[in-house]
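Model the placement of chain B on the given structure of chain A, informed by the hints.
Chain order of the listed sequences is A and B. Take 37 as the starting number for the first sequence in our numbering and just add one per residue. Take 119 as the starting number for the second sequence in our numbering and just add one per residue.
Careful, some of the hints might be misleading.
[Said to hold, decoys possible] Cβ-to-Cβ under 7 Å is the rule here; a few derived chain B residues that face chain A:
#1 V362
#2 L423
#3 V426
#4 F427
#5 D560
#6 A571
#7 V573
Hints are computed from structural coordinates only; laboratory data are not their basis. Predicted, not measured: the structure shown is a model, and the values here were computed from it. Beta carbons: idealized from backbone N, C-alpha and C, even for Gly.
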Amino acid sequence: MAEAAHEMRPIPTHQEVALDVLARFQDLGARYWGWVTVLGFLFVLGIVGFVIRLSAGFDDRSIWGYHVATMSFIVTTFLAMPMISAGLRLTKANWRRPLTRVTENMSITGLLVVLMLLPALAALPPLEGRRNIWFDFPLGAPGVWNVLGFGNLALMGLALLWVLALPDLAAARDHLPPSARQRFIAWASLGWVGHLRQWRVLYAASLVFGGGYLIAYPLVQSLLFADFHAGLMPGLKDAIGPARAVVHGVQGALAMTIVVMYVMRRLGGYERYFSVEQFWALSKPLLAFSLFWFYFWWASFLTFWYGRLPGETDLIRFLVLNSYLGPFIVSLVLNFIVPLVALIWSPVRRSAWGPAFVSAGILVGTFVNEVRIYVSAFSIEDPTLHALDGIPPGQWPEAPDVLIAIGGIAGCVLLFMLVSKIVPVISMWEVGEGLRLTKIRRYLNRQVRVIAKSH
Amino acid sequence: MYYRRTLTDAQINRELLHVVFTTPMWWIVLVVSLGLVVAVAVAAVGYMFNQGLGVTGLRQPVFWGFFITNFVFWVGISHAGVMISAILRLSQAEWRRPMVRAAEIMTVFSLMAALTMPLVHAGRAWRIFYWIFPYDWSRGIWPDTRSPLIWDPVAIFTYLISSSLFVYTALIPDLAVIRDRSKGTWRYPMYAILSLGWHGSPHQWKLQGIAGILLSALILPVFVSVHSIVSWDFGVSLVPSWHVTVFAPYFVIGAVHSGVSAVVTLMVIMRKLYHLENYIWEEHIDALARLLIVVATGWFFLFWLDFVFALWTREEQEMVVWNLRLFEAPWGWLFLTFFITSYVIPVPLWLFKRVRRSFTWMLWTSLLVNVGMWLERFLIIVPGLVRKGPLVFDYGSYRPSIIEITIVVGTLALVPFLLLLFSKFFPLIPLWEEKEGQKLIDHIQLGNVKVPALVKEH
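Okay, chain A solo, but in the shape it has when bound:
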């Protein structure tokens, strides 16, 4: 047992938690609006960058590379977060309870991704003459299928968020004073009163939408990789690519969750919900997925390296050794080496700052990696060739690209902040359920926690 077990804090009651969360939820102070204003301004800057790109049209595909990289970054981090909630609920991890709502609230970013997808699709060249996964059965491919795939993921995430928020929406409905916000929340709570049948439906729906999200996410990453990278890269046959993107997605989701928890802990006063236990527990899969990050890249690299086919060797030179060497080194260091070196140490994992520091680096590395993957693909002039015609140079960002990147990321945070005033950012009912299933007892000469498995 841990030494800290000697000083175990008494378990709070469900009512104490609910009152605390609702008080924070109700507060719409100047600080909140200050952040919303700043993020809104940055988001508008992103729209300006987008309009500049739009005014240049879609004939020059290369100018849309950073837009797609930003979209992919959002898919790989923010939009992957509901997987954490769904996965931890399936494994019945008790420590998940305070953090699931944070990850579910991020599913709102799916709306932004669907909007960003439309111009990205417009920038794609026709399917004729180039490799693609649609073969001879396009039926509106790739546009229709991508919109369906991304739209399905966004809807699945929102459904998961809504269903799991119903008990808390009902609590907020009954707690808030009458206002437009209260009326909207009352509508959204769908008349929840918490009888047995409603709870059964909630548990079943959480399994359906959670499982659906876990299945939909790899499919979306497969579409993204095949249509926006592999299909534009002459000579590339990289079957591991979509799986690698999913692994990057889980790593990105874990890192983003840790960073959001750290920021809420430091700036929002949520220490009692995001304790070291949550950081410690998340840092273990973060280390595992950082190792997987390398493993999935290495499996691909080694196959190409040993195959020594001229087309594949050129691709390695383009993506790894030559044109995009810098971005590759940055992502290798931040996504693999730093997490490995830092997180193998238990004191680092067992702290809030350690996983947060590593996660911040992972997010930077992930963005750089998305740039390497998608900007490189959009810079290829003729995707119908069977192999690269020489090694194209790397492409640096221009001012509109920077604005789009900043605006896209700020837009996601803004959406999260807005939705967090509709749906409480801590799942009161899940935390309350956990409290009821926990007790502290003496074991030999110390106190330990006992956790029941309810279902």
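This is chain B only, laid out in the frame that chain A set:
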């Protein structure tokens, strides 16, 4: 979930050491029967060594057949031990306790079975020593340390050594119990030596715990690397349908799929034969089945990627191999059997709680998975070689000879044979893990319902 039965330490000792101290008739019958099959296989190997590889079905251009398929299969089965033991130990999954020892030991014996295959496949096994001692880099000829065929034995021996250490470390407290119960018998000196003077002091328990966690963490990269390297035997070559980047994780997750299924088979049979009803319950195979749903679905995703990206290039040779696999007899029938048995039948069935908690259903579905996974390896290896190469004017073919079939069946008997022998000397369920589990039982009263609960270890 997890309504653990309350058992005393004495009862655990008595029930789990029953076969160690007595010899039931079924045990003798099974050991003799399986021993006979193994002996026939050894005779077949001897005949093949005497007559040469001409008695097998290996012909130009197919030089990798049943033996290599069987090698990949057994390396795959060996992944169960670490998957179950190390990962579940690190994640403190309570339901791991009754299955870790059997899974770990299956790893060791499966690796031994796997290692026999390349030796047999070499035809003149003793000549391998000419390759190994001394290495000759000067002439630039085989053996080449840059070749996956050299990485293979290195990885597998590393895995075998670390798995054996893993088993042994976890076995020490139980060896001490057997030592103390066999004083004055012929067994005593053996267990006294093997138990390394264990008497269960806090310091010894602490060291044992640290060793278990360290070995769990260190063995995981080895576990992933072993089957990755086996996959690179194929992936780094330019054979159509083999030169695929997804092969490494595809092989690893396929190995976990077949390995965990084998653990389910083993648990159900162990429960029946050794009367372990107090230790192996519906909850355990339910948990394994849930794990299998996730693993099988991950495996299916990678299989789908392999398939889609094979068609991606529309290169003629790649299409020929897939056409052969899917539409030409007998490959097409084998492919259908593989796909139905390894995914289509078991996974939908496992979605039903009643199936997951039925020992009979789980026994048959887990056996089906391994029939399918053996065929999967066969279909990866052989059709890729049965092709029209640049200097081959017709498609090759492959039909395994009776010698190859006998040897493969021999390995299928060898692993249970060794497991039975092991169970005569060591408990298949760790005594100390079960006792520790008993100490961590508790319950929480919710309204008028008592919910089973566990003390959180950390």
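Hints and how they fare:
no. : hint : result
1   : V362 : holds (5 Å)
2   : L423 : holds (5 Å)
3   : V426 : holds (6 Å)
4   : F427 : holds (3 Å)
5   : D560 : holds (5 Å)
6   : A571 : holds (4 Å)
7   : V573 : holds (5 Å)
Checked against the numbered hints given earlier, the structure satisfies every one of them.
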